[in-house]
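Order-wise, the sequence lines are chains A and D. The opening position of the first sequence corresponds to residue 0 in numbering that gives the first Met the number 0, with each subsequent residue numbered one higher. The opening position of the second sequence corresponds to residue 0 in numbering that gives the first Met the number 0, with each subsequent residue numbered one higher.
In case anyone wonders, no lab produced these hints; they're calculated from the structure. Don't be surprised by glycine CBs; every beta carbon is placed ideally from N, CA and C. Just to be clear, a hint being listed does not mean it is correct.
Simulated crosslink set (DMTMM-like; lysine to aspartate or glutamate; CA at most 20 Å straight-line) [to be verified]: (1) D:594 with D:98; (2) A:86 with A:36; (3) A:86 with D:316; (4) A:86 with A:133; (5) D:513 with D:59; (6) D:436 with A:243.
To list a few chain A residues with every Cβ distance to chain D over 10 Å, as calculated [what the hints assert, rightly or not]: (7) 38; (8) 46; (9) 87; (10) 91; (11) 100; (12) 114; (13) 134; (14) 179; (15) 220; (16) 221; (17) 223; (18) 253.
Here are the simulated distance ranges between beta carbons [unchecked claim]: (19) A:177 with D:363: 45 to 51 Å; (20) A:20 with D:17: 45 to 51 Å; (21) D:266 with A:267: 31 to 37 Å.
As a plain string of letters, each chain reads:
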Amino acid sequence: MTVSAQAPARSFAATAIDPRYLIVFLITLVLVLGEAEYGILGGYDRLATTLGICLITEIVLSWWLRGKVANLASAYVSGISLALLTKPQANILWPFALGAFLAIASKYVLTYRGRHLWNPSNFAIALMVLVASDSVAILSHQWGNDLRINLIIWTFGLIIASRAKVLHITLTYVACFFVFAFIRNAIVGGPLLAELAPITGPMYQLFVFFMVTDPRTTVSTRRGRIIVVAIVALVETLIRLAGDFQLPLLRPFYVSPPILALSIVGPIAMWLDLRRTARA
Amino acid sequence: MKRCFYLKTTRDGSFYRMRRFIVSLAFFAAIVLVVVLNRRAAGSAVGLNTASIRLHEVAESIGIDFVHEAPTLDPKVQPIAPHIAALGACVSVADFNNDGNPDLYFTSSRFGSNNALFLNTGDGTFHNHSEHAGLGALNRAGEGVSMGAVWGDFDNDGFEDLFISKWGYQQLFRNNGNGTFTDVTEQAGLRRWMNSNGAVWLDFDRDGLLDLYVTGYFRSDLDFWNLRTTRIMQHSWEFATNGGKNLLFKNLGNGRFQDVTDSLGVGSTRWTLAAASADFNDDGWPDLYLANDYGPEELYLNKEGKRFELARAGLQDDSKSGMAVAIGDVYNRGRHDVFVTNISEKGFLFQGNNLRINFLKELDRFDEVASGVVADAGWAWGAQFGDLNNDGLLDLVIANGFISADSSRSYWYAMSKIAGAQGNIFEDARNWPAIGKASLSGYERSRVLLNRGADGFEDVAEAAGVTDLLDGRAVAMADLTNRGALDVIIANEKARPLIYRSSPPEGLHWIELKLVGTRSNRSAIGAEVTVEFGNVRQRQVVDGGSGFCSQNDRRLHFGLGRERPGRVLIRWPSGRQQVVEGLKADQLHVITEPK
């Protein structure tokens, strides 16, 4: 749920507290809980690099291209998301530095009708795993596989998603995930819990609360957002089936099905939506 | 004013377009940079071996005709049996008959399959001595299967005895001195059912008697052939504490051992796969370093033999999948540094091996410095340091590969479904996707890392002659033919072992030291030896078990490069210190502890 670098998103208008800061609170909660309990960062240099470059890039590019420094909440959320999701080979920092720059710069470069198409951290992490898989993996830390932390984050996440009026996106995705998990299980067999298990993990927390719900990279209508997120879940399932059936061509995708599904579906949906609204 | 300027430039498309073009250029340049840096990523760099590590595989030609067999398990865990049972190929080195030639012991892990004791004939060949020794047929229903072995003269009679770690009842064999062994497990008080993958001999209280630390992997209440539950797996991939309890047995000197685990505080339940002992903090007492699967490493500092204290030492948050502990003085500083193997798999997981440089005296911690070829070796198992080219720097051999089955199918994706889930899901083996015939980090090559000192390590495996793709487990080193060259022995899962005979360059010097304890344990296990040569000093410890389910020859090998040996400082396990000078290069020296 990376929030806009420009004006507050339309869906946030009715809330008392700017939802951007609720999101900032939530990602900070995730960071603090995870780091305190499980050392999820793997080094504060990683956080400093990612967050620092995200913020600097946002400041410089917004000032240089738009004449004013943008609200930094979006860059903050992107920076922490990337620091948490990027798990590179030991002791290398460049994936954090370049990932952070690419995430924020994508908002200014990959645009259509003045709007960016990709959620910034989704774009950066998808790019990294696709073109730099010798060096970068996603979230090999699992935060202790601990139910307590998970429940805290899901609880706060759902409350904040509700306040931010994006709960329908989150819930649609979760519902679709469950439906598709049953379908996958019917197709590939094996234990049903193995298909349901991924959504109980921390990568999905970041995905459902900070990526798939990003108001700046979701389409303009509620119905559209529900359809798009269902398609994301469908594409994720196709990638997962590719993993089950070991399609070699799609191997780079099935290391992280939801993130790569969003990176495919999200920008196409945004482009179609912007094109449709412009014509209207 | 400024705002007006920018609005103006925005309206004036040329300024804006130019700036956007510059940003776009930087954006795409950054993508190109990602690609370039990724290509240079460690693990793909292979060195040219200009410093001449030469290894030649000779196992079959010298009479090593052994093949490891993996355990069969209760059908309740059959869907992931290949994953659970992919352990047990161990090798340990000792001169059990005191003929001056190191012998080899390999374990097998299937009921009915035999372990093998290979006697070194002294002419470069080996013959299987297991049947005569009574160390072969140890894998029996109701008794369990072998997973590791360590030699140590627990009764100080001058002959190396053998402890065997098992999934089942542990076993201790006393060396009768005539080529035969007697099972003394029951009398020794060691008949314990554990699911252990290793053990280490150490004299923790410096009383001259070898004590025994046995690691637990799976819980000790599990009988893998009669499982009453399928909730047998780890409850976390990172901080699991539901493994088997490690046990410390004090040698009472009357042939019996006493369980002192709880009173000394070393009963970790962190899925320990490997342990090694040395005096890491230089206080004169042997410490314990543990490599834990699904958890952080643990360093237990010995408090004068009265208790052990879990040190932070920079280890507590760095949770990985520790498989082996190798000890080596990487930069010739007179310190024991530590190498711990872990897992790397392109796209899925980069845990990376750890190379921990010892700064315990100055900073109370190790510094983790692994990068490049040291960090990324695949799914790494056993590892050992040794100077393979006698240049005076300790090189590193790493065995790799987990399950080599159908090379067109990988279990990584299926495993990733549950790896991120809540612990109570994957703690139950029934919830794991079936592995079938898939590989899991299979067909990975072993690594031979040449130590270039300040220039780091270089992977020279292929140029050195190491190209095997077997599922390596244990690595041990020994000068098998007394030539002043360290040979490398690798025990492979479900395959034959490999013995790489080393041919270091001519003209480089070495010494080898065989220590014999008097006040200390007779094997001198735990003796700390520092050899000065040139303007450096290298420290080694007599091995009571290290790597992964392995043990190097307890004779120490020091490469000296072009230098001659200077002073040799020995700190015996009893605490006595000795300085030896004037040792000749290129010889084995037997040094007996002064009484």
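Hints and how they fare:
This hinted pair does not check out: residue 594 of chain D and residue 98 of chain D have alpha carbons roughly 24 Å apart, beyond 20 Å. Our distance criterion of 20 Å between C-alpha atoms is met by residue 86 of chain A and residue 36 of chain A, whose separation comes to about 18 Å. Simply put, residue 86 of chain A and residue 316 of chain D have alpha-carbon atoms about 15 Å apart, close enough for the 20 Å limit, and the pair holds. Straight-line distance between C-alpha atoms of residue 86 of chain A and residue 133 of chain A comes to about 11 Å, which keeps the hinted pair within the 20 Å bound.
In summary, the hint linking residue 513 of chain D to residue 59 of chain D is not supported, as the alpha carbons are separated by about 28 Å, beyond the 20 Å threshold. A C-alpha spacing of about 13 Å is found between residue 436 of chain D and residue 243 of chain A, which places the hinted pair at or below 20 Å, so the restraint holds. Not every Cβ of chain D is farther than 10 Å from the Cβ of residue 38 of chain A; the closest lies at roughly 3 Å, contradicting the non-interface assignment. The claim that residue 46 of chain A lies off the interface holds: its Cβ sits roughly 14 Å from the closest Cβ of chain D, which is beyond the 10 Å cut-off.
For residue 87 of chain A, the non-interface assignment is contradicted: its Cβ lies about 6 Å from the closest Cβ of chain D, within the 10 Å cut-off. With a least CB separation of 7 Å from chain D, residue 91 of chain A falls inside the 10 Å interface cut-off, contrary to its annotation. Distance to chain D contradicts residue 100 of chain A as a non-interface residue, since its nearest Cβ pair spans about 5 Å, not more than 10 Å. Every CB of chain D lies more than 10 Å from the CB of residue 114 of chain A, the least distance being 15 Å, so the non-interface label holds.
Not every CB of chain D is more than 10 Å from the CB of residue 134 of chain A (nearest about 4 Å), against its label as outside the interface. For residue 179 of chain A, the condition that its CB be more than 10 Å from all CB atoms of chain D holds, with the nearest at approximately 13 Å. Non-interface status of residue 220 of chain A relative to chain D is upheld: no Cβ of that chain comes within 10 Å, the nearest being about 29 Å off. Its beta-carbon lying about 30 Å from the closest one in chain D, residue 221 of chain A satisfies the requirement of being farther than 10 Å from that chain.
Interface exclusion of residue 223 of chain A from chain D stands, the closest Cβ pair being 28 Å apart, more than 10 Å. For residue 253 of chain A, the condition that its CB be more than 10 Å from all CB atoms of chain D is violated, with the nearest at approximately 5 Å. Between residue 177 of chain A and residue 363 of chain D the beta carbon distance is about 49 Å. The supplied range of 45 to 51 Å therefore holds. The given range of 45 to 51 Å is broken by residue 20 of chain A and residue 17 of chain D, whose C-beta atoms sit roughly 35 Å from each other.
Between residue 266 of chain D and residue 267 of chain A the CB atoms are about 57 Å apart, so this pair departs from the stated range of 31 to 37 Å.
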